[in-house]
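S.K.: Just need the whole structure built from these sequences, with the hints factored in.
If you read the sequences in order, they're chains A and B.
Numbering-wise, the numbering used here puts 63 at position 63 of the first sequence, and it's gapless, one number per residue.
To convert, count from 1 in the second sequence and add 108; that's the numbering used here.
Hints in this document: simulated from the structure, not taken from any laboratory.
Any given hint could be a false lead.
[What the hints assert, rightly or not] For lysine to any residue, the following SDA-like pairs were computed, each having C-alpha atoms within a straight-line distance of at most 25 Å:
(1) B:K424 <-> B:A235
(2) A:K54 <-> B:W164
(3) B:K643 <-> B:A623
(4) B:K437 <-> B:L538
(5) A:K54 <-> B:R123
(6) A:K54 <-> B:G295
(7) A:K73 <-> B:R123
(8) B:K265 <-> B:L294
(9) A:K73 <-> B:A161
(10) B:K424 <-> B:S772
(11) A:K54 <-> B:A161
(12) B:K110 <-> A:R78
(13) A:K85 <-> B:Y118
(14) B:K401 <-> B:A412
(15) B:K339 <-> B:L294
(16) B:K220 <-> B:L294
(17) B:K110 <-> B:E160
(18) B:K110 <-> A:L13
(19) B:K265 <-> B:V793
(20) A:K54 <-> B:G896
(21) A:K54 <-> B:R115
(22) A:K85 <-> B:R115
(23) B:K860 <-> B:D736
(24) A:K85 <-> B:L116
(25) A:K73 <-> B:E138
(26) B:K815 <-> B:T798
(27) A:K73 <-> B:Q141
(28) B:K821 <-> B:E406
(29) A:K54 <-> B:E406
(30) A:K73 <-> B:E157
(31) B:K110 <-> A:L87
(32) B:K740 <-> B:T718
(33) B:K416 <-> B:R231
(34) B:K424 <-> B:E406
(35) B:K821 <-> B:L535
(36) B:K220 <-> B:S348
(37) A:K54 <-> B:E157
(38) B:K110 <-> A:A47
Read off the chains here:
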Amino acid sequence: MPKTEMPSGALMLLILRVLRSSPLHGYAIAQRIHMLSSEVLRVEEGALYPTLQKILLQGWATAEWGTSETNRKVRFYRLTPAGRKQLASELSDYDRVHQAIQAVLRTA
Amino acid sequence: MKPLLRRLQYLLNRRRREEELAAEMEFHLEMTQREGGENFGNALRLREEAREAWGWTWIDRLLQDLHYAARVLRKSPGFTLAAILMLAIGIGANVAAFGFFDLMVLRPLNVKHPETLLRFERRSTEAYAAALPYPEWEFFQRYSRTLSAVLGLSPGKLSMEGEGKQVPAQFVSTNYLSELGAVPVLGRVLEPGLDGAPAAEPVVVLSSAFWQRHFGGDPGVIGRVVRLNDKPATVVGVVSEDFGGLSFDVPAVWAPIRQQPYFAAGSRLLTDFSVDSTGVLLWGRLQPGLTPKIAEDELRTLAAELRKQHPDDIWKDESLPSEPGGYAKSLRNRNRHGTGRDDSDGMLPLFALVGALVLLILVVACANLGSLLMARGVARQREIAIRVSVGAGTGRLIRQLFTESVLLGLAGSAAGLLAGYAILRGLMVLSSAPVWLDPRPDWRVVVFAVGVGFAAAILFGLAPAWQVARQRHRAMLARQILVGAQMAASCILLIVSGLLGRALTHAMSTDPGFAYQKLISIGPGLAQHGYSPAKAHAYLDALQSRLEGLPGVRSVALTLTPPLGHGTISAGVTVDGHELDFQVNYIDPQFLSTMKIPLLRGRNFTRGDTKVVVVSESLARVAWPGQDPIGKEFSGSSVVGVCGSARLVKLEDSNSVEAYFPVSESELPSMFMLAETSGRPEDSVRAIATTARRIDPAIFPEVELVKDGFQRKIQSAESTALAVSALGMIAHLLACFGIVGVVAYAVSQRTKEIGIRMALGAKPGDVLSVVLRQFSRPVVAGMVVGIGVAAALSRILRSILYGVSNLDPATYAITIAVFVVTVVVAALVPARRALRVDPLRALRYD
Chain A
1 MPKTEMPSGA LMLLILRVLR SSPLHGYAIA QRIHMLSSEV LRVEEGALYP
51 TLQKILLQGW ATAEWGTSET NRKVRFYRLT PAGRKQLASE LSDYDRVHQA
101 IQAVLRTA
Chain B
109 MKPLLRRLQY LLNRRRREEE LAAEMEFHLE MTQREGGENF GNALRLREEA
159 REAWGWTWID RLLQDLHYAA RVLRKSPGFT LAAILMLAIG IGANVAAFGF
209 FDLMVLRPLN VKHPETLLRF ERRSTEAYAA ALPYPEWEFF QRYSRTLSAV
259 LGLSPGKLSM EGEGKQVPAQ FVSTNYLSEL GAVPVLGRVL EPGLDGAPAA
309 EPVVVLSSAF WQRHFGGDPG VIGRVVRLND KPATVVGVVS EDFGGLSFDV
359 PAVWAPIRQQ PYFAAGSRLL TDFSVDSTGV LLWGRLQPGL TPKIAEDELR
409 TLAAELRKQH PDDIWKDESL PSEPGGYAKS LRNRNRHGTG RDDSDGMLPL
459 FALVGALVLL ILVVACANLG SLLMARGVAR QREIAIRVSV GAGTGRLIRQ
509 LFTESVLLGL AGSAAGLLAG YAILRGLMVL SSAPVWLDPR PDWRVVVFAV
559 GVGFAAAILF GLAPAWQVAR QRHRAMLARQ ILVGAQMAAS CILLIVSGLL
609 GRALTHAMST DPGFAYQKLI SIGPGLAQHG YSPAKAHAYL DALQSRLEGL
659 PGVRSVALTL TPPLGHGTIS AGVTVDGHEL DFQVNYIDPQ FLSTMKIPLL
709 RGRNFTRGDT KVVVVSESLA RVAWPGQDPI GKEFSGSSVV GVCGSARLVK
759 LEDSNSVEAY FPVSESELPS MFMLAETSGR PEDSVRAIAT TARRIDPAIF
809 PEVELVKDGF QRKIQSAEST ALAVSALGMI AHLLACFGIV GVVAYAVSQR
859 TKEIGIRMAL GAKPGDVLSV VLRQFSRPVV AGMVVGIGVA AALSRILRSI
909 LYGVSNLDPA TYAITIAVFV VTVVVAALVP ARRALRVDPL RALRYD
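M.R.: What follows is the structure, encoded as structure tokens:
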């Protein structure tokens, strides 16, 4: 199956969503998205890290140093309350747009 | 807001953040490789992309550009030095001009809370006056609620034992010193509680300078009794030397204004309502939270109230417009009153003119630098080409080159700040400005200098940067425009400085319409001593007959306005529908002959004439062009004579016109006496002074050589002309250097072409014309534009040209000749190199 890239707005939404359940490090975020999408979506490093920096700047997540499964020091991203709010609003935005598109596709 | 703060935090901890990012991405790489994933890509580039999210990459680029620019400039010190020097001149002239403006208008005076001070003047629809009669001032002081303090100042002079001349004194309201924050170095300042009572002891406060000079800084001076105008007064304090108060000149003593009549025996200052009396200058401190408008409204209402009691003395519809009082500008114009329009801001166009001139110098400097940078751009062709080939975009190149210009501009600002300070300081010393005016730049001047440096960088840097980056250095047009602009600017400057120089020589060589060389003016100041008209009449008669009896004195006359003094009286009338401002003077029948002003038509006054007027020829020309003025009605009098034009006060203003009315009894206490001597006036001064002094021992007449007043006037004109000429010459020199540069560059560019032409038999003249033809058009165009602009601009100068026309053909001819010769020489010197081109070598060139 070909690996599909995604628009960066969607990446932000997906990152926020996978961070909701537990704090993750960068590589794990990419992996999680890859797996959850049944290996359809592939997160490019060149898009992942700039987006993570933006999330930090906006204050939607905080970063703290922890230890990885392989015993390496690595940065974990944890969603903040502001991040949860942002996720909720992006989700509802996404739903609206999604429904609208579906409606057009069904009736046209 | 918060993301911005975080962003700033990122900037401050940049190194750590970067390390974190690197560690994180390295981990990612490791994991990818362990799981047999694809290649991670260029780690450095990925990191850079992630970092861009912080939004600070422009700082990195800027720092890079600055480093690079500094290195480039350091590597060619000759160019850098020349550029900074040019900018120092261009920016320095602007900094000096702005610095003066700052001193006069923007910088608060060194007094307490200058921002709440207002200065008021009297105005009605028909008249204006800088000073108020003391009773009116006192009325305001008593009843004003919008002003938390009302300050009054009346300048005067007092004689003092051990001092040859009278010393300057200021009679002030008792709150004046304390309200303005004057600090006593010894004793105390004036106190309203102690010195305000009508029966208070006569006291004076000394200025620090006078205390040093007269008392040798003796600390025991407090409590000492000094005799001023032969009246004892107790010294109660010495004010520190940094206090200037609300006056350009620091007096020797301050005394309570209510005691002025005590010192000037018989003075009616405190009761006199007449506009001719010295009066009191009014400052007020605005109550917090109020606007000047509210204070003006209140004073107008108060004035109307006072007018009910004094209908003849307070004007109809009298208003008291205010201006900010805590700035040096408000200290000017203190000795003016008159009817009609008020031209107090006659300085404004001159300010504008000076501004325009210094801006022109900057234009010349920038244009020069622009062509220098362009020529340099060609030399840097190789460097630019390399940078382009390793991937620098046009935008990046322009930014790089522009950064260089900005760096130069800022260095120029610093140098200009120094140069400007030096220029301003020099000018202030030349024009003997008050010592407390400090020419050192304050923050406004620094901001201005940096701003000008930046603007200059845009002016001289952007076009060449654009051109260089696009590798189009053969753009002749841009260079021609630069040359043209320089030529126009320096042409204007040359003409203006030529006009000022011409005006000066004209003023010194031609007579001002009256003979001042042998005149002595005697100002008894009778009004200040409360002389009634009848008493004044007796005094003046006695003075006149005694002076006429002196051996060296040829003739004696009376005048209200002493020639070349400081005070002016102007009036406005409407003649045949148009308004006319003129200088008023009241004189006696001997005046014209004493002053050697010729009577051109009609007759002189005779004693006892009323309702008649003698007008100057210039006034007649303006008022009734082409008509016979004799018998015309003018300002309620009929014209009986026309005399030569003589600018008694405004020597420099060729627009000023005069009218002379016969002196009436009521003006006698304010009159000055003029004595014409047969020999050197210096020889008669002493005799005249003692004679005048003997008539009334209470009176201390001021005796002055009119010549000295003339010298004073000339001196200030001299320094103006000198300064402007220096600026003009410097600007023109810069422009000529610019010509040398561009011509030399053109020659080096076309060596091969010249070689071919010579090989084909071109004569030297042909070769020169090939090189110079491209410059003749911008030079001529620039000159024509320059002459046109100068002719228009110099109209503003008319009022200070001493009667020289602003289109004076001789000046224009000489200036243009100088201009053409210097420019041709500047062009020929480098062009000669073209003649020495060896055709053989030139052909092998490349």
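S.K.: Does each hint hold? Answer for all of them.
M.R.: How the hints compare with the structure:
1. B:K424 <-> B:A235: Holds, at about 10 Å.
2. A:K54 <-> B:W164: Between K54 of chain A and W164 of chain B the Cα gap is close to 13 Å, so the pair holds against 25 Å.
3. B:K643 <-> B:A623: 31 Å, violated
4. B:K437 <-> B:L538: This hinted pair holds, its Cα atoms lying about 20 Å apart.
5. A:K54 <-> B:R123: 18 Å, holds
6. A:K54 <-> B:G295: Not satisfied, since the Cα-Cα distance of roughly 69 Å exceeds 25 Å.
7. A:K73 <-> B:R123: Holds. K73 of chain A to R123 of chain B sits at ~18 Å (cutoff 25 Å).
8. B:K265 <-> B:L294: 23 Å, holds
9. A:K73 <-> B:A161: 23 Å, holds
10. B:K424 <-> B:S772: Holds, at about 24 Å.
11. A:K54 <-> B:A161: 6 Å, holds
12. B:K110 <-> A:R78: 18 Å, holds
13. A:K85 <-> B:Y118: Holds - the C-alpha atoms of Y118 of chain B and K85 of chain A are around 24 Å apart, at most 25 Å.
14. B:K401 <-> B:A412: 17 Å, holds
15. B:K339 <-> B:L294: With a Cα-Cα distance of about 23 Å, the restraint between K339 of chain B and L294 of chain B holds, given a limit of 25 Å.
16. B:K220 <-> B:L294: 19 Å, holds
17. B:K110 <-> B:E160: Within the cut-off at roughly 18 Å; holds.
18. B:K110 <-> A:L13: Holds - the C-alpha atoms of L13 of chain A and K110 of chain B are around 21 Å apart, at most 25 Å.
19. B:K265 <-> B:V793: Given that 25 Å is the threshold and the Cα spacing comes to 19 Å, the pair holds.
20. A:K54 <-> B:G896: Not satisfied, since the Cα-Cα distance of roughly 60 Å exceeds 25 Å.
21. A:K54 <-> B:R115: 10 Å, holds
22. A:K85 <-> B:R115: 21 Å, holds
23. B:K860 <-> B:D736: Not satisfied, since the Cα-Cα distance of roughly 75 Å exceeds 25 Å.
24. A:K85 <-> B:L116: Within the cut-off at roughly 24 Å; holds.
25. A:K73 <-> B:E138: 12 Å, holds
26. B:K815 <-> B:T798: Within the cut-off at roughly 20 Å; holds.
27. A:K73 <-> B:Q141: Within the cut-off at roughly 17 Å; holds.
28. B:K821 <-> B:E406: Violated, because 40 Å separates the two Cα atoms, which is more than 25 Å.
29. A:K54 <-> B:E406: Distance of about 61 Å is beyond 25 Å: violated.
30. A:K73 <-> B:E157: Within the cut-off at roughly 23 Å; holds.
31. B:K110 <-> A:L87: Holds, because 18 Å separates the two Cα atoms, which is no more than 25 Å.
32. B:K740 <-> B:T718: The given pair, whose Cα atoms are some 15 Å apart, holds under the 25 Å limit.
33. B:K416 <-> B:R231: Roughly 18 Å between the alpha carbons, so the hint for K416 of chain B and R231 of chain B holds.
34. B:K424 <-> B:E406: With a Cα-Cα distance of about 16 Å, the restraint between K424 of chain B and E406 of chain B holds, given a limit of 25 Å.
35. B:K821 <-> B:L535: With a Cα-Cα distance of about 16 Å, the restraint between K821 of chain B and L535 of chain B holds, given a limit of 25 Å.
36. B:K220 <-> B:S348: Holds - the C-alpha atoms of S348 of chain B and K220 of chain B are around 14 Å apart, at most 25 Å.
37. A:K54 <-> B:E157: 11 Å, holds
38. B:K110 <-> A:A47: 24 Å, holds
When the structure is compared with the earlier hints, violations turn up for hints 3, 6, 20, 23, 28, 29 and for no others.
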